[in-house]
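The whole structure should be built from the sequences, with the hints applied where relevant.
Just so you know, the protein sequences line up as chains X and L, in that order. Position in the first sequence (from 1) plus 1 gives the number in the working numbering. Position in the second sequence (from 1) plus 18 gives the number in the working numbering.
Since the hints were derived computationally from the structure, they do not count as laboratory data. Glycine included, C-beta positions come from ideal geometry on N, C-alpha and C. One or more hints might be untrue.
[To be verified] Label-pair restraints from in silico Cβ distances:
#	chain 1	residue 1	chain 2	residue 2	range
1	X	V213	L	E89	48 to 56 Å
2	L	S169	X	R5	20 to 28 Å
3	X	D216	L	L72	26 to 34 Å
4	L	A92	X	G83	39 to 47 Å
5	L	T20	X	S126	17 to 25 Å
6	L	N50	X	A44	18 to 26 Å
7	X	S232	L	K68	45 to 53 Å
8	L	D107	X	R133	38 to 46 Å
9	L	S102	X	V19	27 to 35 Å
10	L	E121	X	S101	27 to 35 Å
11	L	R145	X	D99	44 to 52 Å
12	X	V230	L	G49	38 to 46 Å
13	X	H199	L	A92	42 to 50 Å
14	X	P67	L	S169	31 to 39 Å
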Amino acid sequence: MSPRTAEQMTWHQSYHAVDGVMVHPSDGEAWKHFNSVHPHFSAESRNVHLGLCTDGFNPFESFVAPYSCWPVIMTVYNLPPGMCMRPEFMFLSMVIPDPSSPGRNIDVCLRPLIDELTQLWSSGSLTYDISRKHNFVIKAALMWTINDFPAYGMVSCWSTHGKLACPYCMENNKAFTLTNGGKASFFDCHHHLLPPNHKYRKNKNDFFIGRVEKDVASRRLSGEELFDVVSKYGG
Amino acid sequence: MTNLLCHNLDVMHIERNVFENIFNTVMDVKGNTKDNIKSRLDVALFCNCKNMELVCDGSRVAKPRASFVLEKNAQLLVYKWLKSLRFHDGHASNISRLVNMEECRLYGMKNHDCHVFMQTLIPLAFRDLLPKEIWDALTEISHFFRDICSSKLNVDHIERLEKNIVETICKLEMIFPPSFFDSIEHLPVHLPFEVKVGGPVQYRWMYPFERLDITGAM
Numbered sequence: 002m003s004p005r006t007a008e009q010m011t012w013h014q015s016y017h018a019v020d021g022v023m024v025h026p027s028d029g030e031a032w033k034h035f036n037s038v039h040p041h042f043s044a045e046s047r048n049v050h051l052g053l054c055t056d057g058f059n060p061f062e063s064f065v066a067p068y069s070c071w072p073v074i075m076t077v078y079n080l081p082p083g084m085c086m087r088p089e090f091m092f093l094s095m096v097i098p099d100p101s102s103p104g105r106n107i108d109v110c111l112r113p114l115i116d117e118l119t120q121l122w123s124s125g126s127l128t129y130d131i132s133r134k135h136n137f138v139i140k141a142a143l144m145w146t147i148n149d150f151p152a153y154g155m156v157s158c159w160s161t162h163g164k165l166a167c168p169y170c171m172e173n174n175k176a177f178t179l180t181n182g183g184k185a186s187f188f189d190c191h192h193h194l195l196p197p198n199h200k201y202r203k204n205k206n207d208f209f210i211g212r213v214e215k216d217v218a219s220r221r222l223s224g225e226e227l228f229d230v231v232s233k234y235g236g
Numbered sequence: 019m020t021n022l023l024c025h026n027l028d029v030m031h032i033e034r035n036v037f038e039n040i041f042n043t044v045m046d047v048k049g050n051t052k053d054n055i056k057s058r059l060d061v062a063l064f065c066n067c068k069n070m071e072l073v074c075d076g077s078r079v080a081k082p083r084a085s086f087v088l089e090k091n092a093q094l095l096v097y098k099w100l101k102s103l104r105f106h107d108g109h110a111s112n113i114s115r116l117v118n119m120e121e122c123r124l125y126g127m128k129n130h131d132c133h134v135f136m137q138t139l140i141p142l143a144f145r146d147l148l149p150k151e152i153w154d155a156l157t158e159i160s161h162f163f164r165d166i167c168s169s170k171l172n173v174d175h176i177e178r179l180e181k182n183i184v185e186t187i188c189k190l191e192m193i194f195p196p197s198f199f200d201s202i203e204h205l206p207v208h209l210p211f212e213v214k215v216g217g218p219v220q221y222r223w224m225y226p227f228e229r230l231d232i233t234g235a236m
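Here's what the structure looks like:
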């Protein structure tokens, strides 16, 4: 890393956001919440916020030779908007080669990367800062993963098919299987998100025939609550 | 709890899927339209929409044209307009190259072409060709994607988007048959929440990663 690039790694702290305007992930609630929960991590602005992306593609550019290559790419969010998400600052950490998609087994392939990330999170690694010319212990945190919808199912282990496809609504939706089409339909599954007393809630003719929506939007579960739900199933 | 947002819904793929569903259904693209015979049979079961149900006339079954499907002449007009379209340098790829006038189809639409079509061309292409309430709903969803993809966002504006998108999807439900609404069509209602928590979509979508794959930078 050049001295000028190294200097930019602290950009997210030196920059002052305008209230109510978002131009960078550091303006979002998730980032602010993370910093408030982990003050030790956020005290050192050179600590790295990472994003993880996986996506399958066919390196032979033809559908005749079926092959699915899964690059796993890490990206750094500390940098200013002009540098963030540039190809120079995306790091290919591993490639999962397979004739077919790894499916749920992607967990096994990602294990070495997760181990490394855990180590970087808990103990950190001794690094030389060329812009300030001294050594320090750098730590890293994974903010989120970025995937298309089928890969979202593989990484998060939430099945993104069928009636329970939506990872936010989960079991609280009214999706149904079409009798003739044979596929799951999310027709009339949004009315519980409307404000109470909205005229569409009582409309029996234009939507699902004869249905009056009385449900209200359910609260989004937090990570801990989700973990409690999953733990009940054991395994 | 540490992370408020663990996994991101990818705006790029959602936008593409929504666009393809809308375009194929409105332009009645054979094989890809969501408004097929099976869908009409389902309409009879789940909706109160008499003018879209199949009409049995003796041994023949007729599928009446739905209000959201363009007539053949209007379809030709749209394709002709697309064929003559020119963009500013760097704004989009040359979409006119993808038009096949004989088969009335678009071939080889890339993700970014769908992105440009969804955000800027949909309101223009179908103006005056579709009934006003259908055009309004399509324009609303087009503007929703344009606003949510903006690189500078106001928090108040996102909250407004979060309320409006539910109503927009409900308006689409009044127009299109149940088979139109697959799981992807449902996901836009959760996008404003993710934007509020995670920041602008440019940092959380897959365009840069897909470009990295294609250019063979790796």
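Going through the hints against the structure:
no.	hint	in the structure
1	X:V213 to L:E89: 48 to 56 Å	violated, 36 Å
2	L:S169 to X:R5: 20 to 28 Å	holds, 24 Å
3	X:D216 to L:L72: 26 to 34 Å	holds, 33 Å
4	L:A92 to X:G83: 39 to 47 Å	holds, 44 Å
5	L:T20 to X:S126: 17 to 25 Å	holds, 20 Å
6	L:N50 to X:A44: 18 to 26 Å	violated, 54 Å
7	X:S232 to L:K68: 45 to 53 Å	holds, 51 Å
8	L:D107 to X:R133: 38 to 46 Å	holds, 42 Å
9	L:S102 to X:V19: 27 to 35 Å	violated, 42 Å
10	L:E121 to X:S101: 27 to 35 Å	holds, 33 Å
11	L:R145 to X:D99: 44 to 52 Å	holds, 47 Å
12	X:V230 to L:G49: 38 to 46 Å	holds, 41 Å
13	X:H199 to L:A92: 42 to 50 Å	violated, 34 Å
14	X:P67 to L:S169: 31 to 39 Å	holds, 38 Å
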